[in-house]
Amino acid sequence: MTELAIQTHGLCKRFGDLIAVNELNLEIPKGEIYGFLGPNGSGKTTAIRMLCGLLTPSDGEISVLGLQIPRDAEQLRLRIGYMTQKFSLYDDLSVSENMRFMATIYGLGSAASRDRVEELLNRYALQGMRDRLAHDMSGGQRQRLALAVATLHQPDLLILDEPTSAVDPENRRDFWEKLFDLIDEGTTVLVSTHYMDEAERCHQLAVLENGYLRQSGPPQQLMDELKGRVLEVNGPDLRTVKNLVLEVPGVQSAAQQGLHLRVLFTKNGPSGDAAISRLNEALPNRNLSIIQGKPSLEDVFVACTNGEDHL
Amino acid sequence: MSGLQRMGAVAAKELRQLSRDRVTFGMVVMIPLIQLLMFGFAINTMVRDIPVGVVDLSGSAAARIITEQVRVTQVVEIVALYNTPAEAEEAIVAGKIRAALVLPRDLPQRLASGATAGQWMVDGSDTVVGSALLGLRNMPLRHTAGSPREAYTQPEPSFEIALFFNPERRSEVNIVPGLTAIILTMTMILFTSVALVREHERGNMELLITTPIRPLELMLGKLLPYVFVGLIQITIILGLGRLVFNVPFQGAALDLAIVTLAFIGASLSLGLLISTIAKTQMEAMQMTIFILLPSILLSGFMFPYDAMPRLAQYIAEALPATHFMRLIRGVYLRGAHADQMLTDLLWLLVFTAIMLTIATKRFHKSLD
Numbered sequence: 000m001t002e003l004a005i006q007t008h009g010l011c012k013r014f015g016d017l018i019a020v021n022e023l024n025l026e027i028p029k030g031e032i033y034g035f036l037g038p039n040g041s042g043k044t045t046a047i048r049m050l051c052g053l054l055t056p057s058d059g060e061i062s063v064l065g066l067q068i069p070r071d072a073e074q075l076r077l078r079i080g081y082m083t084q085k086f087s088l089y090d091d092l093s094v095s096e097n098m099r100f101m102a103t104i105y106g107l108g109s110a111a112s113r114d115r116v117e118e119l120l121n122r123y124a125l126q127g128m129r130d131r132l133a134h135d136m137s138g139g140q141r142q143r144l145a146l147a148v149a150t151l152h153q154p155d156l157l158i159l160d161e162p163t164s165a166v167d168p169e170n171r172r173d174f175w176e177k178l179f180d181l182i183d184e185g186t187t188v189l190v191s192t193h194y195m196d197e198a199e200r201c202h203q204l205a206v207l208e209n210g211y212l213r214q215s216g217p218p219q220q221l222m223d224e225l226k227g228r229v230l231e232v233n234g235p236d237l238r239t240v241k242n243l244v245l246e247v248p249g250v251q252s253a254a255q256q257g258l259h260l261r262v263l264f265t266k267n268g269p270s271g272d273a274a275i276s277r278l279n280e281a282l283p284n285r286n287l288s289i290i291q292g293k294p295s296l297e298d299v300f301v302a303c304t305n306g307e308d309h310l
Numbered sequence: 000m001s002g003l004q005r006m007g008a009v010a011a012k013e014l015r016q017l018s019r020d021r022v023t024f025g026m027v028v029m030i031p032l033i034q035l036l037m038f039g040f041a042i043n044t045m046v047r048d049i050p051v052g053v054v055d056l057s058g059s060a061a062a063r064i065i066t067e068q069v070r071v072t073q074v075v076e077i078v079a080l081y082n083t084p085a086e087a088e089e090a091i092v093a094g095k096i097r098a099a100l101v102l103p104r105d106l107p108q109r110l111a112s113g114a115t116a117g118q119w120m121v122d123g124s125d126t127v128v129g130s131a132l133l134g135l136r137n138m139p140l141r142h143t144a145g146s147p148r149e150a151y152t153q154p155e156p157s158f159e160i161a162l163f164f165n166p167e168r169r170s171e172v173n174i175v176p177g178l179t180a181i182i183l184t185m186t187m188i189l190f191t192s193v194a195l196v197r198e199h200e201r202g203n204m205e206l207l208i209t210t211p212i213r214p215l216e217l218m219l220g221k222l223l224p225y226v227f228v229g230l231i232q233i234t235i236i237l238g239l240g241r242l243v244f245n246v247p248f249q250g251a252a253l254d255l256a257i258v259t260l261a262f263i264g265a266s267l268s269l270g271l272l273i274s275t276i277a278k279t280q281m282e283a284m285q286m287t288i289f290i291l292l293p294s295i296l297l298s299g300f301m302f303p304y305d306a307m308p309r310l311a312q313y314i315a316e317a318l319p320a321t322h323f324m325r326l327i328r329g330v331y332l333r334g335a336h337a338d339q340m341l342t343d344l345l346w347l348l349v350f351t352a353i354m355l356t357i358a359t360k361r362f363h364k365s366l367d
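From first to last, the protein sequence lines are chains A and B. No gaps in the numbering here: position 71 of the first sequence is 70 in numbering that gives the first Met the number 0, and each next residue is one more. No gaps in the numbering here: position 101 of the second sequence is 100 in numbering that gives the first Met the number 0, and each next residue is one more.
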């Protein structure tokens with residue numbers, strides 16, 4: 000059994016009548032990238048803030064790196080790196096000033112801090128812009144800076160709240176490469192996202208919706224569980240077909256993707272060939288070709304959230 | 000050790016940000032400069048040269064002498080002569096003159112019998128002008144018969160008045176040191192009241208509170224740079240006060256430094272407390288004004304403390320500016336030593352400690 004970096008039991012957070020996080024049970028192993036996938040308002044940020052000790056849970060227990068949170072939050076500070084959703088370094092300080100400031104706050108001595116800052120400037124390709132104000136940097140550059148700062152004190156656990164929401168795909172890819180480098184060095188990473196492609200890169204995933212944990216497990220496993228329930232429908236007049244398909248018993252959702260219609264059956268509905276014939280019977284003389292589709296993470300998300308919320 | 004380093008890092012960071020924030024940096028210098036010149040030149044509680052008119056109905060030599068005597072007081076400037084009281088009244092209503100002196104037809108007889116010589120018609124809407132003219136009511140008019148020369152060499156006035164510390168009765172002398180209290184209240188509270196709120200608004204706080212920094216380190220680190228800002232400002236005010244307005248410094252530099260630092264500490268910690276209460280920078284500004292207004296009106300800067308009603312005095316006592324107003328005037332104008340004014344000094348120090356404690360207690364490293 001692998002050691003756990005984060006464990007929660009019955010974690011709840013209520014803001015007045017709003018339940019932001021409900022009965023959340025998590026087991027996040029060390030040395031992996033664990034993803035929170037969910038739309039805005041699903042409770043990702045609230046859960047993360049409770050794990051960091053920034054919010055006091057309304058109910059439930061949290062253990063992070065063996066420490067009881069929020070009781071031992073102060074001890075945890077030196078062992079976690081946190082990247083906030085919104086860029087939270089100082090806009091009016093330069094790259095190196097921001098890094099030196101945070102290094103001192105983390106208690107690195109002046110020599111150690113100088114070396115560590117140089118190392119990170121090189122590692123995150125910030126050497127050329129060390130004197131540039133954070134304000135004048137692009138989204139991708141800011142993210143690299145934020146990641147560099149979050150890892151200044153070489154934390155065991157890195158918590159990233161939607162780290163790439165303001166970053167273009169190429170920089171995003173680059174950013175994930177850096178995360179895997181950190182995993183290689185033994186760091187545990189918890190990352191929240193609402194991008195499917197990002198979620199797919201995680202070792203394990205928790206799908207959150209309206210404060211509830213809907214599904215969890217390795218992305219591939221989650222997708223495999225949907226085998227047979229996803230169909231691709233090709234043919235003319237797909238907008239009309241879509242409405243007809245939604246009437247068919249056992250169909251959970253239908254959405255057009257380019258030239259075909261993607262149909263998802265419910266857990267208890269027919270699957271595989273049975274599903275194909277059910278559709279063919281329900282929609283005769285429509286000149287449709289129906290084949291099985293390869294389940295994607297989006298299907299996983301729709302399957303476990305009933306597709307009520309769109310990403 | 001690392002606590003001190005963290006505090007220093009916050010202070011250095013704050014100073015760096017301040018130096019890059021042109022508006023705020025400009026305010027550090029411009030607020031004292033503009034206020035000093037504004038208050039020093041424009042606000043003059045010594046009233047001079049009030050425009051008045053004279054209505055001489057007697058046409059006598061005595062009337063000319065009285066008119067001349069009134070003129071040389073310099074309280075008034077005679078800008079017009081009118082033939083009838085009605086004309087003068089019209090001029091007052093029209094705002095051409097603020098008052099008119101009416102000398103009746105039987106003036107010589109009145110003077111001989113010692114009766115009231117004439118009448119001042121005064122526009123009472125401005126009380127300062129009004130009271131200045133009231134002062135003319137009892138002007139001695141004994142030597143009216145002879146030549147003007149005789150009138151100037153009046154043998155004995157009723158009272159001898161000795162004015163200490165400000166013999167020329169220049170209001171700048173009182174205003175300039177007092178102005179330090181107002182400007183420091185304004186800038187010190189303003190700068191620190193937004194200090195923490197700004198980091199909250201910009202999102203810096205969420206990161207900062209996940210670090211090992213302690214609340215007191217953060218608080219003191221934030222205050223430190225503004226101590227220097229405060230010292231720069233008081234140097235500007237008092238330096239210019241001396242150069243431009245010739246306000247003499249009677250005290251010792253050490254005493255000045257002690258009382259100033261005590262007041263800067265009190266204002267900064269009050270600002271910090273506001274910063275832990277306010278949710279937005281806007282709210283912080285509003286609360287600053289809430290403190291600033293009574294500080295200007297009640298601290299003794301505008302109106303003498305002793306002349307205020309009891310309730311206003313109680314409120315004034317709760318304001319750091321009131322205590323500093325006494326200290327700075329004492330040290331600067333009367334050459335008092337800090338230990339001679341221990342009550343006010345201790346009050347400021349205790350106030351600082353209390354405010355800082357509450358602010359630190361109120362500041363939690365969480366987003367709850």
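Be aware that a few hints might be false.
Unchecked claim - No farther apart than 20 Å at their CA atoms in a straight line, the calculated lysine-lysine pairs in the PhoX-like style are these: (1) A:K241 x B:K360; (2) A:K85 x B:K360; (3) B:K364 x B:K278; (4) B:K360 x B:K278; (5) A:K226 x A:K177; (6) A:K226 x A:K29.
To be verified - What follows is a list of derived Cβ distance ranges for each label pair: (7) B:D367 x A:E117: 53 to 59 Å; (8) B:A252 x A:G138: 41 to 47 Å; (9) B:A252 x A:Q153: 46 to 52 Å; (10) A:Q67 x B:V28: 26 to 32 Å.
Because the hints were derived from the structure by calculation, they are not lab data. From a predicted model like this one, the values you see are computed outputs, not experimental measurements. Don't be surprised by glycine CBs; every beta carbon is placed ideally from N, CA and C.
Status of the hints after comparison with the structure:
no., hint, result
1, A:K241 x B:K360, "violated (60 Å)"
2, A:K85 x B:K360, "violated (27 Å)"
3, B:K364 x B:K278, "holds (15 Å)"
4, B:K360 x B:K278, "holds (17 Å)"
5, A:K226 x A:K177, "violated (32 Å)"
6, A:K226 x A:K29, "violated (30 Å)"
7, B:D367 x A:E117: 53 to 59 Å, "violated (38 Å)"
8, B:A252 x A:G138: 41 to 47 Å, "violated (53 Å)"
9, B:A252 x A:Q153: 46 to 52 Å, "holds (50 Å)"
10, A:Q67 x B:V28: 26 to 32 Å, "violated (52 Å)"
The structure fails hints 1, 2, 5, 6, 7, 8 and 10 (numbered hints given earlier, in ascending order).
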